[in-house]
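S.K.: Same order as they appear, the protein sequences are chains V and X. Under my numbering, the first residue of the first sequence carries the number 1, and numbering increases by one thereafter. Under my numbering, the first residue of the second sequence carries the number 1, and numbering increases by one thereafter.
Bear in mind the hints are in silico, worked out from the structure with no lab data behind them. Treat each hint with caution, since some may be false.
Copies of the same chain look alike in the list, so a pair counts if it fits in one copy or across any two.
[To be verified] Dumping the calculated DSS-like pairs for lysine-lysine here, alpha-carbon to alpha-carbon at most 25 Å:
#1 K269 <-> K217
#2 K418 <-> K236
#3 K269 <-> K236
There are 2 protein chains.
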Amino acid sequence: MPSRVKLGVIGAGSATFSVGVVKDICLQESLAGSHVTLMDVNPDRLEPMLRFGERYARELGADVTFDMTTEREEALREADFVLNTAQYGGHDFVEGLRAWTEEQGYYRGFRINDVLNIRVMLSVARDMERLCPDAWLIQAGNPVFEGCTAMTRETGIKVCGICHGHHGYRELAETIGLDPDRVTAQAVGFNHCIWLTHFEYEGGDALPLIDEWIAEKSEQYWREHRSEYWDNQMAKAAIELYRLAGLFPIGDTTRRGGWWFHTSLETKKRWYGEELGGFDSEIGWGVYLRGLDEEVGHIHAAVSDSKAKLTEIFRPEPTGEQHFPLIDALVHDNRVELQVNVPNRGAIEGIPDDVVVEVPAMCSARGIQPYHVGALPELLMVSVLRPRLLEAERTISLSVHPDSRMLLAMILDDHRTKSYEQAVQFGRDLLARPGLEEVAEEMRRSRAGGGERGPGEFL
Amino acid sequence: MPSRVKLGVIGAGSATFSVGVVKDICLQESLAGSHVTLMDVNPDRLEPMLRFGERYARELGADVTFDMTTEREEALREADFVLNTAQYGGHDFVEGLRAWTEEQGYYRGFRINDVLNIRVMLSVARDMERLCPDAWLIQAGNPVFEGCTAMTRETGIKVCGICHGHHGYRELAETIGLDPDRVTAQAVGFNHCIWLTHFEYEGGDALPLIDEWIAEKSEQYWREHRSEYWDNQMAKAAIELYRLAGLFPIGDTTRRGGWWFHTSLETKKRWYGEELGGFDSEIGWGVYLRGLDEEVGHIHAAVSDSKAKLTEIFRPEPTGEQHFPLIDALVHDNRVELQVNVPNRGAIEGIPDDVVVEVPAMCSARGIQPYHVGALPELLMVSVLRPRLLEAERTISLSVHPDSRMLLAMILDDHRTKSYEQAVQFGRDLLARPGLEEVAEEMRRSRAGGGERGPGEFL
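Chain V with its partners taken away, still in its complex shape (with noise of 0.2 Å):
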């Protein structure tokens, strides 16, 4: 019997986003009889979103209803379920903050805005601690890492954060010449930092196998193969990681590795393909902004044509997205192992219980289980996932509480910092900028809070 839920999506004006929402809620027929609530705060990007989602369920005869609001609150109240995947300030925002910070001399931007996007949230989850505090929020906007785990220290929220990208071990069975389907793999660490520790083919290891294909065939792979900007998985960046790590990086863990691939767009293209310089290059990132843009072009012309058939434009297939199979196994316990972002609580060894780390879990309406993963390699723990952690530890205490001091910290870790000087600079500059406001101001009031000791305010 199909169960009514209360699902309120924040950061709806996001048109793919809510697509694929709307397709996969209308084909959930467990879900039969449950209301979206789509918030925004931009009404002229939400507006289409709601008339979308309206017409698609009464194509497809999906008794799912609809409704929009510009106020956070509406789309809590009662939530049985939040999806969120909003972005402080959305894309032009984080354009504009990059085009300046790369006038400072950091190449392709630094990444305050994720403190901008944890605090945000936490705000949602504070919200929902007061109007709906059994729901669970599942985390889609990123920072996914950092900001569960501060949801989850700051809040009583049960928090999940979901991401595609460990689907990336499709693709690498797919370039080694293996049957997707076939296979079965395990990636573990920290959302976007998840490394493979088992990858199996009809059963059999299927480790050896890559190391087979990077001894044979890398090398024409790389000369050949002309890759879409999002197509990273087995970039030479990859292959180089999982030299250093010991273990094979998943999905967009291989965009991120470390600071001596991103030095410059030649460095870029050497280690991410010489055509774009991989997703995260000024070529790769621009044209995925421009596929973006017509996207939802095409998402808005769609909407705006009251004749047009949505159905036949966007294909009533579910997403792929573990969303709603999620939903649908904590509501109805159809039990499903998923890749999930939660707490903890002893499934990695060595990391702390109150740190969120990506892992396979069985979902069910007991909840999400994490399996247990164990010990990971010495190598893979110092080298890799303990600096990743000392990195978020620093985002989520400069988001928690800022602190002049921090940000500084996090200034001069950055390997583009050249001198102190540059970096207090850079600091103050930073502090001074749109969006920063509030950041800015929580740093001066704790300063002069009073319990501070010390030669007086920072940047």
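Dock chain X against chain V, hints included.
M.R.: Below, chain X without anything else, positioned relative to chain V:
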């Protein structure tokens, strides 16, 4: 009633250190009847120290006997205490390696000799497990933090690291105009990375007096003060670290700070004083090494002069080092508060139990009982202590299980490394240096030993 102990001194060819040991044990009446075995791999440096010890005891009428050996086992067999001050290769080796490393673009060197020293420490502790499993190991040679942590993890030996750096609080007191004997202080963290949590003068909180001094007198101090090489406690770098971390850095903590204090001699001069550029610049360190040479020459000359009265040249006063107060406390229950480096076991919140921390402790026949410190400020933990611990974990891992990938991770993390290619080349060349043969060989063996995946040898 005095207790005879057998004390083994490893690295006893270090003349200044051994003179201190001889003085302190001869003056410690509670240890009358004790025997000291001086051990060093270099008999030419060792032999004068044996003569010094025997003559000094005779002149004082102290009931202490000495012998010497170049065989480590002889110094450890049936020892009650082992004092280890050995440094791999001594100063000449370190300076040779430093000179080469500077040519590769790493100003003032790369800390690979820490790895070699930790391996010596581990080898001593493993020998102790066999030869004197109940003895206490008092670790004086550096790196105390990493070495003591590694020995605690890898062996069953009771280890305590001892350093005099925490006395820096006295220098701080004197500089700001307080009588150091009427000040109490607590500085905790890791060895050479300790931070002032408490500072009282005649029972009242004296921390605000530091802030006052900085605001009103520091500029004048820096203008007028002519610092000696060892004189870094009140350098500009110290005050800047205080601003950055929120607690005042004590002792050698100031010398390290962050990479940004050490980018060039000019930068060092700005932060540590115009004349010398601090203890660790080429100027300051040169003065230190020359002073050491002079002191050693002075000691050897005195020993060579059979008519010299050693107790007149080297006054029979306690050195102020904590080694013998500790031994006395452990043997005779002469309870004393000392600053020790021992496994954390809950003393500082958020630091794993198997990490050696520097904290005050009550020392007695019950053993070493660290004082519970509790939580330290989040800023200090996240921006200073955890990064320092991560660095230590890499060094320890590289020492215990040499792996070229871990070495590469350390090189890449170094702010002076400008590119991946530079890192790989530097790593390869470093492993080919004299002194690194054993480490390089272990790296090769462990990779060849199977179980390792990935595209083969790294450096």
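S.K.: It remains to establish, for every hint, whether it holds in the given structure.
M.R.: The hints, checked one at a time:
1. K269 <-> K217: within (20 Å within a copy, 54 Å between copies)
2. K418 <-> K236: between (28 Å within a copy, 20 Å between copies)
3. K269 <-> K236: For K269 and K236, only the intra-copy Cα distance (10 Å) is at most 25 Å; the inter-copy one is 43 Å.
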